[in-house]
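Participant: Sequence:
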Amino acid sequence: MHSLTKNVLGMGIAAGLLVTATTQAADIEWKMATPWGGGPWLERDAKTFADYANELTNGDVSIQVFPGGTLGGALRVTNTVKSGVAQVSHNYINYDYGTDPTAALLAGHSSGLTPEEFMLWMYEGGGVELYEAFRREVFGVVAFPCSTLGTEIFLHSSKKVQTLEDFQGLRLRTSGAWAEIASRLGASTVVMAGSDIYTALDRGVIDAAEWGSPELNKPTGFQDVAQYVILPGVHQSGGILECEVNVDAWDGLSEAQQSQLRLAGKLSVFESWLDSSYADLKAFKELEEGPNEIVQLDQSFIDAIYEETRAWEDEKAGENEWFARVLESQRAFKDSMTTWQDYRLPIGEMGR
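Position one of the sequence shown corresponds to residue 3 (our numbering), numbered consecutively onward.
It is worth saying that the hints were derived from the structure and are not from the lab.
Glycine included, every Cβ here is placed at the ideal spot set by N, Cα and C.
One should not assume that every hint holds.
Said to hold, decoys possible - Listed next, the in silico EDC-like pairs over lysine to aspartate or glutamate satisfying Cα-Cα at most 20 Å (straight line):
1) Lys220 - Glu119
2) Lys287 - Asp226
3) Lys33 - Asp53
4) Lys162 - Glu290
5) Lys161 - Asp253
6) Lys220 - Glu290
7) Lys268 - Asp53
8) Lys33 - Asp253
9) Lys49 - Asp29
10) Lys49 - Glu31
11) Lys33 - Glu57
As the list claims (entries may be wrong) - DEER-style ranges, computed between Cβ atoms:
12) Gly39 - Phe272: 37 to 47 Å
13) Glu139 - Thr340: 30 to 40 Å
14) Asn81 - Arg346: 23 to 33 Å
15) Gln170 - Glu31: 50 to 60 Å
16) Phe272 - Tyr345: 19 to 29 Å
17) Val207 - Lys162: 17 to 27 Å
18) Ser338 - Gly171: 37 to 47 Å
19) Phe272 - Gly171: 35 to 45 Å
20) Arg138 - Gln164: 21 to 31 Å
21) Phe272 - Gln66: 39 to 49 Å
22) Arg186 - Gln298: 15 to 25 Å
23) Asn56 - Asp300: 41 to 51 Å
Could you build all of it, start to finish, from the sequences and the hints given here?
Facilitator: Structure representation (structure tokens):
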């Protein structure tokens, strides 16, 4: 964690919030459930939120972070929090896609928002209010963003995939909305935990897998058992991870402490964006310089993905009121972002 960011922002803003704090029992000790067995999402992002929560509440809220599967099913973290087995979580809302597909829009999906667009939509475009209202109404938990997700690698694959024709029958590990959309595009999709991907690729149980950004994929070793690295990550251009809080535990906090935890989430989003974006640069450079073949998708395939995604979105919006509400907000925001290209140079072009 960047100590300067933490100390200056944390101490300054917390001081103002603490002035209005009502009498509250100190030493609130919470357990945090996660789906993560290790890596940056556990060791950096989840613990960053726990650290900010402790500092901003002046030590009143202490959070112990547990790896996936310790406090319940790794893919059922929402149930663990709702039941009170854990008071808080660090989680990926897309794991609840089967309950409500609106989760895909809030997690990030094909043709969705980039990390920077997600942060703008969340904090300036009304997204965070929609997020919290959706989670409380449909799932019975309090939730807010607390990490960003970078643009993912489209595939680590043992087969070269460049066109829609190449995608037909591909045995693909994925999850959430992309599992459904990829199937509509001709792939044979399999949902499995991240910890099972390496073995499945190595043994030929699957042909290809998507998981995360370059930084996140590097330690998995997928590049050692799959020759091709397929880009760009149009299936997941960006996304958000969340922190969920048990309703009873949340209601036991003062209003000041609730504000402090929301702020801890916002600071953690910014911190994770800085850390992951910079780490991705180094990780991708190592991929480029390694033995794998880097493959770029044909534009015709990218266009087919966008077309199928929009058809899927329209279908879901017609069936689900919450989906329609969030989709309308995101589409309006994306339309407003088209003017960026009129006054901003592409990244890396400044000064050339």
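Participant: All the hints need checking, so say for each whether the structure fits it.
Facilitator: How the hints compare with the structure:
no. : hint                        : verdict
1   : Lys220 - Glu119             : violated (25 Å)
2   : Lys287 - Asp226             : holds (16 Å)
3   : Lys33 - Asp53               : holds (13 Å)
4   : Lys162 - Glu290             : holds (16 Å)
5   : Lys161 - Asp253             : violated (51 Å)
6   : Lys220 - Glu290             : holds (12 Å)
7   : Lys268 - Asp53              : holds (13 Å)
8   : Lys33 - Asp253              : holds (16 Å)
9   : Lys49 - Asp29               : holds (18 Å)
10  : Lys49 - Glu31               : holds (15 Å)
11  : Lys33 - Glu57               : holds (17 Å)
12  : Gly39 - Phe272: 37 to 47 Å  : violated (25 Å)
13  : Glu139 - Thr340: 30 to 40 Å : holds (31 Å)
14  : Asn81 - Arg346: 23 to 33 Å  : violated (43 Å)
15  : Gln170 - Glu31: 50 to 60 Å  : holds (53 Å)
16  : Phe272 - Tyr345: 19 to 29 Å : holds (24 Å)
17  : Val207 - Lys162: 17 to 27 Å : holds (19 Å)
18  : Ser338 - Gly171: 37 to 47 Å : holds (40 Å)
19  : Phe272 - Gly171: 35 to 45 Å : holds (42 Å)
20  : Arg138 - Gln164: 21 to 31 Å : violated (44 Å)
21  : Phe272 - Gln66: 39 to 49 Å  : violated (24 Å)
22  : Arg186 - Gln298: 15 to 25 Å : holds (23 Å)
23  : Asn56 - Asp300: 41 to 51 Å  : holds (49 Å)
The structure fails to meet hints 1, 5, 12, 14, 20, 21 from the earlier list, while all remaining hints are met.
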